[in-house]
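Knowing the structure of chain A, use the given hints to seat chain B on it.
The listed protein sequences derive, respectively, from chains A and B. The opening position of the first sequence corresponds to residue 1 in our numbering, with each subsequent residue numbered one higher. The opening position of the second sequence corresponds to residue 1 in our numbering, with each subsequent residue numbered one higher.
In short, the hints are calculated from the structure, not lab data. Careful: at least some of the hints might be erroneous.
Note: identical chains are not told apart, hence a pair may lie in one copy or across any two.
As a list, the in silico DSS-like pairs of lysine-lysine whose alpha-carbon atoms are at most 30 Å apart [to be verified]:
#1 LYS179 <-> LYS73
#2 LYS65 <-> LYS203
#3 LYS57 <-> LYS179
#4 LYS220 <-> LYS30
#5 LYS106 <-> LYS208
#6 LYS179 <-> LYS30
#7 LYS73 <-> LYS220
#8 LYS106 <-> LYS2
#9 LYS106 <-> LYS220
#10 LYS208 <-> LYS77
2 protein chains.
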Amino acid sequence: MKNLLLASTSTLHGEPYLAYLLETLEDFFKTVTTVTFIPYARPGGITHDAYTALVAKAFATINKKVVGLHTHKDPAKGIQEAEAFFTGGGNTFLLVQQLHELGLMKPLKSKILTGAPYFGTSAGSNIAGVNMQTTNDMPIVYPSSFETLGLVPFNINAHYLDPDPTSTHNGETRATRIKEFHCFNSTPVVGLREGSFIHIQDKNTTLKGAFKARIFEQNKAPYEGINLHF
Amino acid sequence: MKNLLLASTSTLHGEPYLAYLLETLEDFFKTVTTVTFIPYARPGGITHDAYTALVAKAFATINKKVVGLHTHKDPAKGIQEAEAFFTGGGNTFLLVQQLHELGLMKPLKSKILTGAPYFGTSAGSNIAGVNMQTTNDMPIVYPSSFETLGLVPFNINAHYLDPDPTSTHNGETRATRIKEFHCFNSTPVVGLREGSFIHIQDKNTTLKGAFKARIFEQNKAPYEGINLHF
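Chain A with its partners taken away, still in its complex shape:
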C-alpha cells in the first residue's frame, strides 16, 4: 500500500509557502490529524525548529497539527508512531546524510509501505526515488550512501528547468547533466517542472498540476510525457 504526493517545489513565485497545494493537501491528508514533519534538509541553513514552525503555520490553515521529527528523542520510534509524513525541501545531501546516520531510511520506507500518507517537496520528493543522484544540490556534506527510499521505480529531478535558448552561459544544462547520469545509471528520470506534482496510489501514478513532465530514459531521446509507469 502506498499513498504518495511528490511535488517539484513547495512554493510558486510570488505565492505563500505551499499555497498552490493546500487544496490538494486537504484532500490528501483528509483522514489524518497530525503530520510528522522531517526538517533535516534545512533550506538556507534554517534551524529544525524554525522550519517546523513555518510548516505548522501553513498546515494550520487546513487544520492539521505538525510535529517535527527532530523533537522525538528516538526518531525511529517517532516514525513508527506517525500517522503521516511531510519531508520539506532544502539540501538533499544533508537530508540523505541525516536519514542514513540516524538509521531512519528503512523504518521510514516500511512505515510508508503500510499506507501512511507521504508528502514531499523538492528534496523530500527526490528521496522517494531510487537514489539521490539526480539532485541539483551542492554536496555540502558526505552521505554514507546515495540510496534513498525507492518508493517509486524512477528518480525525480525537482525544479526541472528547460534549457534557455538565449543563454550565453557555458555551465551544463539540466538535460546534459541527466544525460551524464545515464552514462552510468539506467533508472528513468522524471524532470518535474515547478507547479507539477505526482500522486502515487498503490500502482497508479498520476502526473498532476500545470505541466507535462520531461522524461529521460537511458538510450532514448528525452520526451514530454504524462505516463510515469516505467
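Relative to the frame of chain A, chain B by itself:
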C-alpha cells in the same frame, strides 16, 4: 613550488574551445613540450579518446603535444613522468571518483608540488581546492571521498552565476547553496565567473580575466574581490 592556472570555464559563448585562453596558455606552458591531459570528467559522456582529441586540436595551435593519461597502462607512472597537466571540465563527481579509485590524487598533488604546471578548467579547477563540495554537478557516481588536491586553501565555484533578479524559478541560487555549504564548512569559496581565471605561482595568487570574483567566507556577507589570499 606551485604553478597553477585555474579557469572557470574552457569556453566562452560563441567561441571555439579554449580560444580565450590560448595566449595565456602559450606563456603558461612555455617551457613544456607535452601536456598530460586528464580526461576523466567526460562532459556529456564523451569518451576519453574523443575528449583528448578535442584538447590536442586546441593545443596544436600553440605547438604543444597532448597525451591522454588514460592511455598509460600505469597512470600513476604517467603522472610521475609528466611535464605538465591539464584537467578538463565535465562531471566533478566522476573525475574525483576516478582519481580516488585509481589512487592518483596523492601522486598528482606531489608532482604538482614539484613545480609541474597544472591547468584546470571547471571540474579541473574545482579539484585544486580543499574539497569538491562546492561543485554544481550532479552526483552521477559515488566517490569514496569528496577530498581533492588541496593545492589552494579555498574552494572554487566554477561557472559562478549571479542571482537573476527577474527569475521566477524557486530553485536555490548559487549564493544560497554556498551559504548552506558554510553551515557545515569553514573553507572560503571563490565564485569564479566565466571569463575569469586564477594564476597561482608559489605564494602569489592573482585573479585574471574579465571579472572580479564573488567571495564567500563563513559568517560574513558575500563580497566582490580580487584578493584571494585567505
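These are the hints, each one checked on the structure:
When the C-alpha separation of LYS179 and LYS73 is checked against a cutoff of 30 Å, the pair qualifies only between copies, where the shortest distance is 29 Å, while the shortest distance within a copy is 42 Å. In this assembly of identical chains, the alpha carbons of LYS65 and LYS203 lie at most 30 Å apart only when taken from the same copy (29 Å versus 58 Å across copies). Proximity of LYS57 to LYS179 under the C-alpha cut-off of 30 Å is restricted to the inter-copy arrangement: shortest distance 25 Å between copies versus 39 Å within a copy. In the homo-oligomer, the alpha carbons of LYS220 and LYS30 never lie at most 30 Å apart, since the shortest distance is 40 Å inside one protomer and 45 Å across protomers.
For the homomeric pair LYS106 and LYS208, the shortest alpha-carbon distance inside one copy (28 Å) is at most 30 Å, but the shortest distance between copies (50 Å) is not. For a Cα distance limit of 30 Å, the shortest separation of LYS179 from LYS30 qualifies neither inside one copy, at 40 Å, nor across copies, at 37 Å. In this homomeric assembly, LYS73 and LYS220 never come within 30 Å of each other (Cα to Cα): the closest approach is 47 Å inside a single copy and 34 Å across copies. Only within a single protomer do LYS106 and LYS2 lie at most 30 Å apart by alpha-carbon distance; the minimum there is 15 Å, versus 48 Å between protomers.
Proximity of LYS106 and LYS220 under a CA criterion of 30 Å is satisfied in neither setting, with 33 Å inside one chain copy and 39 Å between copies. Taking identical chains as interchangeable, the C-alpha atoms of LYS208 and LYS77 are never at most 30 Å apart, the minima being 33 Å within one chain and 55 Å between chains.
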